[in-house]
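Colleague: As a plain string of letters, each chain reads:
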Amino acid sequence: MLNSVVAQFVIALVVAMVVLPLLAFSLVALLQVSGRTPKDKTLAGLARLTFTCASLAGLVAGGLYVLRGGTPLRVAFGHWFSLGEPDGRHYGFDVAVLIDGVSLVYLSLTAILCGTVGAFSLRYMQNERGAGGFLQLLLLFTASMSLLTVAESLDLLFVGWELVGITSALLIAFYRDRSGPVRHGLLAFAIYRVCDGALLTALIVLHHATGSSSLPTEVSIAGGGSATLFGILILVASLGKSAQWPFSSWLPRAMEGPTPSSAIMYGALSIHAGAYLLLRTAPLWESSSAVRVAVVAIGLVSAALGSLVGRAQTDAKSSLAYAAIVQVGLIYMEIGFGWQRLALMHVAGHAILRTFEFLRAPSLIADHQVLESQLGNAAPRTGALYERMLPKKVRESLYVLALERGYADAVAARFFGSARRILLAFDRFDERTARLFDPADVVCRSETPPSIVAPAKLEESIR
Amino acid sequence: MMLDSLTLLTLLVAFATALATACTRTGQSARTTATVGGIVTVGFALLSARFGRVAEGLGSLALFHVEGPVFGLDGLSALLFPFVAAITTAVVAMKPTRNSTPQRLAFQLLTGALSLGIVASRRGDVLVVFWLASAIPTALDLRGRGGARMFLGLQAASAALLVASLALASAGHRDPESSEALLLLAVMTRGGMFPFHAWVPRLFDAAPIGSALVFVQAQMGSYLLARDTVVAPSESVLAVFNVFAVVALLYCAALALVQTSARRGLGYLAVSPTALVLVGFADGGQLGATGALLVILSAGFAQTGFGLALEAIEARRGAVRLDQDGGGHATTPALAGSLLVLGLCTVGLPGTLAFVGEDLVFNTTLTARPLVGIAMIAATAMNGATVLRYALRIFGGKKRTNGEGDLILRERLVLASLGAALFALGIFPQSLVAAARHAVERLPPHVEPADRQATRVHPERLVLPPRAQLR
Amino acid sequence: MKTPSPTQPQDPLCALLDALEHAAHLLPAQAPIARFVHHNTLHAYEEQPFEEALLTASRDLAAEPYLEEERFVEALATGRITPGDIEAALAEVGTPTAPLAAGLPSLFAWRVVRLTTPPPALTGEAVSWWLTETDALGVIRPGLSPEAQARVDDASTSDGPRHYLASLWQACANAAREQCSPCKLTAFVRLRDQVLETTGRDVDVFVNGFVIRFLGGYLDQGVAYWPMPERDGLYATFRRIHGQSVLDPWLDGLRAELTEPYDGVGRALHELGLLGASPSDFGAVVHATLQALPGWAGMVHQFETRPDLTPGTAPPTTLVDYLALRLLLDRIVCQNVARSSGTQLSLRGGTARATFEDPHAIALELFVQAQLQGLTPADLAAHGRLLARTVAEYDSPARRATYHLAYERHFRNQVLDILAVQATARIPDPAEPLAQIVFCIDEREESYRRQLEEIEPRINTFGYAGHFDVMMRFEGHGAPYPVPLCPPILTPKHRVREVPEGEGGLSRRKRLGALNHRRRVATRTLVRGSLMSLAGITSAISLIARTLFPPVAEHVATALRHVLAPEVATRFELTRADDAPAGADGLYDGYTFTEQANIVESLLRGVGLVESFSPLVVILGHGSTSVNNPHASAYNCGACAGGKGGANARAFALMANAPEVRRILRENKLDVPDTTSFIGACHDTATDGIEWYDVKDLTTSARSTLDALLPTLDRAGALDAHERCRRFTDVPLGLSPERALTFAIRRTVDLAQPRPEYCHATNAVCVVGRRSLTRGLYLDRRAFLVSYDPTIDDEEAHVLERILGAVGPVGAGINLEYYFSRVDQDRYGSGTKLPHNITGLFGVMDGHGSDLRTGLHWQTVELHEPMRLLVVAEATPKTLGAIVARHAVIRRLVQNRWILVASVDPLTGEVMFLERDGFKRHAQDGRTIPQAASSREHYQRNREHLPMAQLARAPFEAAC
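Those sequence lines, one after another, are chains A, B and C. All letters in the first sequence, in the order written, are residues 2 to 464 by this note's numbering. All letters in the second sequence, in the order written, are residues 28 to 498 by this note's numbering. All letters in the third sequence, in the order written, are residues 258 to 1217 by this note's numbering.
Bear in mind the hints are in silico, worked out from the structure with no lab data behind them. Please note that a few of the clues may not be correct.
Where chain B lies over chain A, by a calculated footprint (3+ residues, C-beta under 8 Å) [unchecked claim]:
hint, region
1, 75-82
2, 153-164
3, 175-182
4, 189-195
5, 422-430
Where a beta carbon is used, it is the ideal one built from N, C-alpha and C, also for glycine.
Make the full structure from the sequences, and use the hints.
Modeller: Pasting the structure below:
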């Protein structure tokens, strides 16, 4: 009896963690639509209250869950929409939450990190142009990350997943008055969309194989082609958010937003979302050794390449970005080996450590000075190992490989360059076809000098 | 009997509005007349959709078939009737003063009214007349701007194909599939499907954005497809055209991605929904058909909003290019925000109607035809990147703006209503889903494709844990 | 290696070197960021008059010359500028007052109306939008004069002004169309411009990223774990590294080019030759190429010219190498992009870009002006051309120049008014001072000095440049490398070492350092990093503590540091024997007593402290504490080259206390009584705390005086913090001083705080004179206060000349850096600091792979009012004129009006301002002088800039 009351309380808290930030976000959005954009100060107050409540809710829920003994909780809230069919079957989008060990770790992390980084941002973003928009996106991110972690079905998880991607892209492009952030935000979003496609496909495969998109907590597809297919799709889906090979190149480029957004997204939560997806769906693909090998292999390649590339990075945030890729790569390997508890510990520790490092990234010079003053002389040279071990030619090739980030951009540029050329040729063809019938017509374009409103039109508009 | 004349009344109001607008003297009074008339039309359309149905199911479209009223609504057209009226109203209400002339507004209202006529016709011959007539105002608008001849030619061809198809069907031809094929060709021409797509970007490039939106976003091609498919699904024909749909999806999504002119890109984007609808219906089952109907509505609303936001930007800045940073994000936040949100609405942002529609279509297609499904997902992914590119490019970069003002009240109301409709229907979609399903009730509940068994996991190998239900 | 040698004077090599030298001057001259020093951003243009230089620079560097026009319009609305100021500014530049043509207003009247009632700031299509969506064509603009109104009413028909407005618009549009030439051709300077025009693709996006990665690796001072191998010349290393394997499609052909045996100079000349540039064109190409990434090019130049300022060891670097690889890359990438787009690239320039002038804005302005001036469509038809030209000529930079003059004038009048009043009714120094404190001239010390004098008027304060004439290369205890503590334009000749008394715990520090180093490296590696990550959950404690409770976390950290590496007592090695030779590096180890006495004497005579010494003379340097702040050194003492001034103060006090020095001073007729002790200290301008040095060496009486003084200083510190806090929008108004102090201290330990303090923001004035001229004035932390006593100076005012020679460039440097960083955040400043990303330990980028950002960030300049420094000196105009005439540096600044000068006659108190045509008497014109009972009463509950005010005199006078 008590147990079920506690369970219901836990559920209520978890729901609050999703709903409170979402409500705050929607409230502000509604005010904006009605033309009464709240002052930054009001918004900051609202955000402070929301972050505090949501974080406390998440932490209390986590504590109670552990006290309760840690049995998984599954609660359905009915359909978002459904299609009854005459033969009794129906297709429906269920809204339900699932809380178990995996979601608990992520939920607590979300609570701690969104709470602290939220508090950090409130001071950091003070008087910044667009600070209101930043807090709004952070609220939406908190809600979608929480939704992602407690979703009972892959459908619902996808909703959170998609929103995390959009907020992430918009936060990268936060400083829209420069073209760099805009380009890099678009790059990240394009990669997310590709991987989201894989997730969507996986979702359908799951629905097809099991008849529902619920996420099980124990092994449920006992081998076979669909487990492998599903597993590979989930793996591809997870690569984008977790910036694993071959989708790593966007991560260092994502360091365009204010420091706390880089911290929460790329040091802490978003970067581990891919690992979450793998952990969450592990019961569905674990039986397939092919998938496990693939997960380990991707993790290994990412970690090795990331480690090499990261060592040649010369700016604080890129260096942290590659360090994060390396650790997430290791986490992938742990997941692939089936060491889930270790992976979870790794995730929790790494997320917190890296967030803190990101938040302190602007202290790099001061830290260096402290270090040198402690040592009493210049900091010792690092990287001598490479110089001892490798012959000069190899060393230089390896160094260029590291400097040019594993040539990921070069390969992409070759591929997309050709694709773009072909598409533009098609476009020209389309335009020519259209002109074929109207050779005399000239479309008015911006190539002509701008003209002032024609007097005739003016006459008419004031008549 | 009183009630089903509501439909006729709505049509009359729509035409009267167009006439009244044409008779006004200034652009502003024309817009006021058009807006008021449009709102009244929407009201009547809603009423007739609710009370004015003459049939529960769908009658087949036949030439010179005289039984029953000429105009009336059934489950399917009841969904589209208020939708078309709403889109037309939004377009005319949004019109920037400098572009609003009585003639242009009247033409757009006329296109809308004729589209309403298409939706309401229960007789093939009447439908064909409206079908052809609805292209004329837009063609007149295009005159001297480029592409008019090609546009009118293709629309006439589409009407001719339609006539041929209906004639074949009415003649009780032995081979229903050729009639089907002709009809689908008509649909493809009107919907701008590959390889008849080149006129759509051209139309958006040359015509006033509003005219292009009313003509294309009323989604008449999709409507005719839905209507025909619901009546007589012919799988083999659909399967062939499915291929075209997939090519159109991928082709137009990819080309939209590399456009440098915002208007042309809008044209390529506009092709996607029709293709998606075709794919949704191709399954032949209720699930996909329901999804496809929702896609018609959501894509129509969202793309109209997106296009109108672009029109508002053009009115302030002149031609919009996507390879240059436009700036002004901080000075015109509402404009930038609407473009972003409405853009995301077109590509299935969770919480909007598009998400629901696409979820249903994907679900069907990916199960039935995995390759088509993957193509569809790829196209949606590209379109997502395209709209974000619009939103970030047009307002990103160093501020070099003209000092233009943000959305004014009129524009804000129009865009907010479109957004509100998309979100409200997306968050609480159940009633609309039920209505759409009702409209396609005549389809079989679920179609099992022949190759389904091959990919299916054996039931006994599924070990799902029991759900610990607390409630 | 193909290196051509210069054979004749006009050969390409000479032209290239000339072009490089010229272009290098225009690059940002900011040293690696840990040595951030304020200097005039446009130092290279100082030979030109201010306004002219601004326009030239804005063309050369594509930058803004003045504040945004909308800020000036706001200033007009809030009364920060009055119409009177604008009229005066227009008169100052000699705007003609004769009618433009018969029936038209004068240019003066035209411009007054243009500036005081500006039209909407719209261009292009937005004008049409405004015209059609608003009632611009239905209603006459508000703000017409009665005469104009009458004329407009005449022109309107019976059914209102619609017809008048419509035909007026048509006339205006026609005039504007005629004025605007249809098309203007600009030649392409760089290949990139050509490719951008023909294909719409910006090759800089790719080339910049590539170059930044390479330069980052080459110049790196210790961020990368694996440094670039063998850095032996920028171009040589580039050849080796990128000659290896090149996969990028944009770099096709690079490899082949790199095998050609050119060195940097040869490559640069080769590329320039390929571009078909004649030696006379080199300047433009080199400048444009370097300006593609000005920050990085500037840093390359710094590495070349000042390798001593780099934090680690500087690899051999030359700007010409950089130019060579940049030209090469530009060409290769342009060729590849052009090929892939199927367009022709003409290496030798080719076609030019056509730009269209936009008539919309001119038409709009004419339309609005015509209404306000009461002109009719007929007037426009008759004089349309003339009027359109009048509008086109007075473009935004020209308008802003006038606004700017008005903006400065308004503020200047306030300052000169109050000084004029005060100069005739001074508050003298206290008769028997409790203590005398020598502050830095820094304007941040103004409030502290004032608050201190308000609560204890018996304290006498002075201002002197914060290095206190001790120009040394300082080797601090535990510091890895020595730092110069003197104004950045000077090179120190003396070295001073700080040594620990006893062993000093060095080994323990070293062990701690080694541990620290290992930990920092480890989190980025694979294996060790994973172990750290697994244990990372423990860092949740520091994360939460540091973000949610920064002061607590800081207390704990400090306590830990005290246990692990306790502070040790140190002493200075300050004195050397008279005949000790200079070391190998040309530096002397310490000062002889004669040198010390000279230093002490020059300061004491400079500030006018030659008699009535108090028992305790405090020499108070300053520095600033902050965390998570790459620009930390910009917050420290400008006279100490971005270091903390405590060491200089400590050294000075040691010198002044030395009996031998006192003896020499006495010989020079400067008698410092034996009862007087000097003590060095450092004021933290962010926490308002004071660190004292060598307290144990004080005499007992001096010690007791200090003990008595400490509570007063603490109180003044709290009041100062209170006054500063009014500017921080996140600190509530109406706090007690004690609470305000805790808020101020909290900011200095908070990782999330981008504004630990406001640094030099709002600086605007420099007063050189006795304290009695400014004592009891509320100067709102905007004035550099330099002590100077004209009564003890010689006839020629050599002391003043020396002071102005130092304060002029330093003050102007700070002031102008703020000016430029504020007016153009993109080109001169470094933008908001929130996305800053430290690179190579020498600079910051915006986020990922951007240009190096130089100048000040937005958070320090957001409060700043960009105005030239107004230097008010207590001297006769004649004396000042003579100094300006004979001192080259001052002459350049004053005659080109980079600083503005006013004089206060030491005897009569008459205030004169140096206009363009000589000193003119300042007229008060009946403005009132703000009065306030106390500082606190004046500033509290107010976050804005405050007028300078006279405080109640009674408390101060009681001390005399």
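Colleague: Determine for every hint whether it applies to the structure shown.
Modeller: The hints, checked one at a time:
With 6 residues bearing a CB less than 8 Å from a CB of chain B, the region 75-82 of chain A meets the requirement of three and the coverage assertion stands. Counting residues of the region 153-164 of chain A whose C-beta sits closer than 8 Å to any C-beta of chain B gives 5, which meets the bar of three, so the coverage hint holds. Chain B is given as covering the region 175-182 of chain A, and this holds because 5 residues of the stretch bring a CB closer than 8 Å to a CB of that chain, at least three being needed. With a cut-off of 8 Å between beta carbons, the region 189-195 of chain A has 4 residues touching chain B; three or more are needed, and the interface restraint holds.
With 4 residues bearing a CB less than 8 Å from a CB of chain B, the region 422-430 of chain A meets the requirement of three and the coverage assertion stands.
Every hint from the earlier list agrees with this structure, and none is contradicted.
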